[in-house]
Every structure is written in C-alpha cells, then in structure tokens.
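Peer 1: Listed below, chain by chain, are the residues.
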Amino acid sequence: MNVYELYLGASIILIVLGLYALISKRNLIKIILGLEIMTLGVNLAIITMGVRVFKEVYKVDALAQSMVAISMAVGAAVAALALSIAMNIYRHYGTFDIRKLRRLRW
Amino acid sequence: MIEHIVMIAFMIGLFILSIEFRNLLRAILSFAGGNVVLSAILYLLGAPYLAVFQLLIYAGAVTILFLVTIHVGEEREEARDTIFTKLQILSIIFAVLLIAILLIHSPRIIEGVKAPLLGLMSFEEHPEFLWVNRWLDLLIQAFIILVAVASISAQLMKERREEREVKGK
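Here the protein sequences come in this chain order: A and H. Quick note, the first sequence lines up with residues 7 to 112 if you use the working numbering. Quick note, the second sequence lines up with residues 3 to 171 if you use the working numbering.
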C-alpha cells in the first residue's frame, strides 16, 4: 500500500463519516461537526493528490497547498455562519434538536 | 509508513468519537484532538505551513466557536445574576495587562511586520515570499489557542463542580 492509497482511503472514510453525521444525527452541533469533518476529508484528498515523493522525502505541490489554505478559511467561515444560525435557533426554540424545528416561522 | 498508519487510525478514531459522544463538550474536544492529529499528518506529508494553519484555524478558532455556541446554549438555563468569580477577575486583569503590553510595544511590532522592499521576482524563485513576517499572525493565533485552553478548562471545572453537587445531594 502506498501513501496515495492510504491517504485517499482515509479521506474517503472522513467524507463518509461526515455524511453519516449529517444523515443520522439530530443535534445541530453534531450536524455542523459532520460538515466540518467532510471538509477536512476533502482537504486531505486535495493534499494527497499534490504529494510528491523524492527519495522517501514527502513534498506537497504549492498549488494544492494554496487551494487547501483557501478551503480552510472558507470552512471556518461556514462553521461560523452555521453556528450563528444554530445559536439563533436555540434562542428561538430552546433546543438544538432538529426534530423540534417543524414550525419554521421566525 | 507505520507512523502514517498510526496517525490516520488516531485521527479517524477521534473523529468517530466526536460524532458518537453524547456529551457535546467531549465531542468538541475530540474534534479538536482529531484536528491536532491531522495537522501532524500534514507536517509529516511535507506541508508545515498548512499544518500550522490547520492547528490554528480548526483546532483553535473553530473549536472556540463551537465552545461558545454550547456555552450560550447552557447559559439560558442558568440564573444570570451571578457576580464575578475570582477566575473571571483574574482573566480580566490578565487581558488588561496583555493589551497594555501590546500597546507599549506597538511601534516595534508595526516596524516588525512591515513588508520588506522587494524587486521583481517570481514566486518560484522565492516561495517563502508569502510567509515572511507572519509572526504577528502566529502570535495572535497562539493567544487565541491560549484562550481556548482556558475556556476548555473552565468548562471542565464547571462540569466537575456540578457533578460533585449532584453527588452531594
């Protein structure tokens, strides 16, 4: 097993884990955590595609690094927005449980 | 190769825990731990700057956002008439001192973060161009991580106190 297979496998596991959290969890915080884990999986896949091995020394392509740096900033912004929405939902409904959000009137 | 496999196993284990823990605080701490391991993986793969970003943005800033959100969620159920505790007074004194030190040293800091004069050059010849003089960013982010550690320990202390009170009753 080489490094590409290993890390691509790990990134796929992370994406599936995030998807599982998005589908099965009912707590808003857990859902946002799942979203972030999916983002991390995608970032890891991009990095893996940019890895170059020279005499057992690993280097990552500069383009892949810059893409992932931007993706990290965007991921943090998405988390901030989602958490602010979660906070508003808590203030309105008094719970993070999405089953209680049937009446979506503000 | 074995260190990569061990790191990946740790990371996936921590992320699974972060989804499966019922206690939100523990879930968020596991998420932060998974991010720390992921940043170590990025360092192993030869992307040290990304490792620093991962550590600062995800293990630092995003974790703080999560902690603040669950803290606000808890706050609603508590009485709001609590006076300042010793810890809060200490943290305020520490913050004021920190601001004073930063203000005193601000001319030197501004001098230090000025971009150097550079002639025509290509990024391929000087790939470090984007990363020189970034120490102030790193310093600020390090402070944010310090705040995160303090808030986590405060949350854990509060939780233990509540557990003790429940046992006492």
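Any given hint could turn out to be false.
As the list claims (entries may be wrong) - To list a few chain A residues with every Cβ distance to chain H over 10 angstroms, as calculated: (1) Leu23; (2) Ala27; (3) Lys36; (4) Leu50; (5) Arg105; (6) Lys106; (7) Leu107.
What the hints assert, rightly or not - Quick look at which bits of chain A chain H covers, simulated, 3 or more residues with Cβ under 8 angstroms: (8) 8-22; (9) 38-49; (10) 57-68; (11) 81-95.
Unchecked claim - Part of the chain A face toward chain H, derived, beta carbon under 10 angstroms: (12) Ser30; (13) Lys31; (14) Ile35; (15) Thr54; (16) Gln71; (17) Phe102; (18) Ile104.
Don't read these hints as lab results, they were simulated from the structure. Backbone N, C-alpha and C define an ideal beta-carbon position, used for all residues, glycine too.
Peer 1: Does each hint fit the structure? Answer for all of them.
Peer 2: A quick look at each hint next to the structure:
1. Distance to chain H contradicts Leu23 (chain A) as a non-interface residue, since its nearest Cβ pair spans about 6 angstroms, not more than 10 angstroms.
2. Distance check on Ala27 (chain A): its Cβ comes as close as 5 angstroms (rounded) to a Cβ of chain H, failing to clear the 10 angstroms threshold; non-interface status is violated.
3. Some Cβ of chain H comes within 10 angstroms of the Cβ of Lys36 (chain A); the nearest lies about 6 angstroms off, and the non-interface call is violated.
4. Residue-level check failed: Leu50 (chain A) sits 7 angstroms from the nearest beta carbon of chain H, not beyond 10 angstroms.
5. Taking the minimum C-beta to C-beta distance to chain H, about 16 angstroms, the non-interface status of Arg105 (chain A) holds against the 10 angstroms cut.
6. A cut-off of 10 angstroms between C-beta atoms confirms that Lys106 (chain A) is not in contact with chain H; the least separation is 14 angstroms.
7. Every Cβ of chain H is farther than 10 angstroms from the Cβ of Leu107 (chain A); the closest lies at roughly 15 angstroms, confirming the non-interface assignment.
8. Residue count for the segment 8-22 of chain A with a Cβ under 8 angstroms from a Cβ of chain H: 6. That meets the three needed, and the coverage hint holds.
9. Counting residues of the segment 38-49 of chain A whose beta carbon lies closer than 8 angstroms to any beta carbon of chain H gives 6, which meets the minimum of three for the stated coverage.
10. For the segment 57-68 of chain A, the assignment as covered by chain H holds, since 6 residues bring a beta-carbon within under 8 angstroms of that chain's beta-carbons and 3 suffice.
11. Counting residues of the segment 81-95 of chain A whose C-beta sits closer than 8 angstroms to any C-beta of chain H gives 7, which meets the bar of three, so the coverage hint holds.
12. For Ser30 (chain A), the interface hint holds, since its Cβ comes within 10 angstroms of a Cβ in chain H; the closest pair sits about 9 angstroms apart.
13. Look at Lys31 (chain A): its Cβ gets to within about 7 angstroms of chain H, closer than 10 angstroms, so that hint holds up.
14. Satisfaction of the interface hint for Ile35 (chain A) is found here, the shortest Cβ-Cβ separation to chain H being roughly 6 angstroms, below the 10 angstroms cut-off.
15. Given hint, Thr54 (chain A) at the interface with chain H, holds; its Cβ is 8 angstroms from that chain's nearest Cβ, closer than 10 angstroms.
16. Using the Cβ-Cβ criterion of 10 angstroms, the hint placing Gln71 (chain A) at the interface with chain H is satisfied: the shortest such distance is roughly 6 angstroms.
17. Of the supplied interface hints, the one on Phe102 (chain A) holds, with its beta-carbon coming within about 7 angstroms of a beta-carbon of chain H, less than 10 angstroms.
18. Look at Ile104 (chain A): its Cβ only gets to about 14 angstroms from chain H, farther than 10 angstroms, so that hint breaks.
In this structure, the earlier hints numbered 1, 2, 3, 4, 18 are contradicted, and the remaining ones agree with it.
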